[in-house]
Amino acid sequence: NAGVTQTPKFQVLKTGQSMTLQCAQDMNHNSMYWYRQDPGMGLRLIYYSASEGTTDKGEVPNGYNVSRLNKREFSLRLESAAPSQTSVYFCASSGGGRDEQYFGPGTRLTVT
Amino acid sequence: AQRVTQPEKLLSVFKGAPVELKCNYSYSGSPELFWYVQYSRQRLQLLLRHISRESIKGFTADLNKGETSFHLKKPFAQEEDSAMYYCALSGRGTYKYIFGTGTRLKVLA
Chain C
1 NAGVTQTPKF
11 QVLKTGQSMT
21 LQCAQDMNHN
31 SMYWYRQDPG
41 MGLRLIYYSA
51 SEGTTDKGEV
61 PNGYNVSRLN
71 KREFSLRLES
81 AAPSQTSVYF
91 CASSGGGRDE
101 QYFGPGTRLT
111 VT
Chain B
1001 AQRVTQPEKL
1011 LSVFKGAPVE
1021 LKCNYSYSGS
1031 PELFWYVQYS
1041 RQRLQLLLRH
1051 ISRESIKGFT
1061 ADLNKGETSF
1071 HLKKPFAQEE
1081 DSAMYYCALS
1091 GRGTYKYIFG
1101 TGTRLKVLA
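Protein chains in written order, with our numbering: chain C, 1 to 112; chain B, 1001 to 1109.
No lab work stands behind these hints: they were computed from the structure. These figures come from a predicted structure and were not determined experimentally. Treat each hint with caution, since some may be false.
To be verified - Only some residues are given here: those of chain B computed to face chain C with a beta carbon under 10 angstroms:
| hint | residue |
| --- | --- |
| 1 | VAL1019 |
| 2 | GLU1020 |
| 3 | GLY1029 |
| 4 | PHE1034 |
| 5 | TYR1036 |
| 6 | GLN1042 |
| 7 | ARG1043 |
| 8 | LEU1046 |
| 9 | SER1055 |
| 10 | GLY1093 |
| 11 | TYR1097 |
| 12 | PHE1099 |
| 13 | GLY1102 |
Claimed, not checked - Straight-line Cα separation of at most 30 angstroms, DSS-like style, residue types lysine-lysine; simulated pairs:
| hint | chain 1 | residue 1 | chain 2 | residue 2 |
| --- | --- | --- | --- | --- |
| 14 | B | LYS1096 | B | LYS1015 |
| 15 | C | LYS9 | B | LYS1065 |
| 16 | B | LYS1096 | C | LYS71 |
| 17 | C | LYS57 | B | LYS1106 |
| 18 | C | LYS9 | B | LYS1009 |
| 19 | B | LYS1073 | C | LYS9 |
| 20 | B | LYS1073 | C | LYS57 |
| 21 | B | LYS1073 | B | LYS1057 |
| 22 | C | LYS57 | B | LYS1022 |
Glycine is no exception: its CB is placed at the ideal position from the N, C-alpha and C atoms.
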């Protein structure tokens, strides 16, 4: 099992460009999450999907959109990238509720 | 407000010394507390959770509801313990975690 996979691993964007970060899990988990990790800020939740067909905002959703394509896949879209979105993005999945979260390897995004 | 506080950004200790990484939380209800660890070039992974009351890699953490703390302890630090440690909280009836800002532990030879 690959667990949680993310693509791409690295990306450089210019201000105003758009892109989609892809995430997939093969653990048959109901819940999936997108976080950003910034120095001194820890991990902050952007969006999450408690189950297939539902999505909800987290702590820092502005500038992002998500799609829960099916039970396996949860994508994060930046419609118009800004330098403030330079960060490392992590996808995670869990069985739900208070279950352990399993993380992907991360995507390092730089917006110039 | 729901919050997880890790007051130390960086903690340096010598090999063989005791380690305590502090975590305080603010939550109205019955939270579940976790410690996650991120070793260099590896993905974030669960270290331990309070409900399991396990000792993992020599680490333990006790939930103190009176002081609203969940400090991570190890009696004798090893160099391989050097990593980033995150305390996290999950509330009842929610799918969300709240993470602290993390503490980088450096164990010196």
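_Need the status of pair LYS1096 of chain B, LYS71 of chain C: alpha-carbon distance at most 30 angstroms?_
holds, 18 angstroms
_Per-residue hint verdict: GLU1020 of chain B, partner chain C, C-beta under 10 angstroms_ = violated, 19 angstroms
*Straight-line Cα separation of LYS1073 of chain B and LYS1057 of chain B no greater than 30 angstroms?*
Measuring from Cα to Cα gives roughly 11 angstroms; hence the hint holds.
*Taking only the CA atoms, is the gap from LYS9 of chain C to LYS1009 of chain B under or equal to 30 angstroms?*
holds, 26 angstroms
*Do the numbers back the hint for SER1055 of chain B, that is, is its least Cβ distance to chain C under 10 angstroms?*
violated, 17 angstroms
*Under 10 angstroms, Cβ to Cβ, is where TYR1097 of chain B needs to be relative to chain C, so tell me if that hint holds or is violated.*
Check passed: Cβ of TYR1097 of chain B comes within 6 angstroms of chain C, closer than 10 angstroms.
*Quick one, is the LEU1046 of chain B hint okay against chain C at 10 angstroms, beta carbons?*
Nearest chain C Cβ about 5 angstroms off; hint holds.
*asked:* Holds or violated: LYS57 of chain C and LYS1106 of chain B, Cα atoms, limit 30 angstroms.
replied: violated, 35 angstroms
*Taken at face value, is the distance from the CA of LYS1022 of chain B to the CA of LYS57 of chain C at most 30 angstroms?*
holds, 29 angstroms
*Would the stated hint for GLN1042 of chain B survive a check requiring a Cβ distance to chain C of less than 10 angstroms?*
holds, 8 angstroms
*Using Cβ atoms only, decide whether ARG1043 of chain B comes closer than 10 angstroms to chain C, and label the hint accordingly.*
Hint on ARG1043 of chain B: holds, closest Cβ of chain C at ~5 angstroms, below 10 angstroms.
_A closest beta-carbon separation below 10 angstroms is what the hint needs, so does GLY1093 of chain B meet it against chain C?_
holds, 8 angstroms
In terms of the numbered hints stated before, the structure departs from hints 1, 2, 3, 9, 14, 15, 17, 19, 20, listed from lowest to highest.
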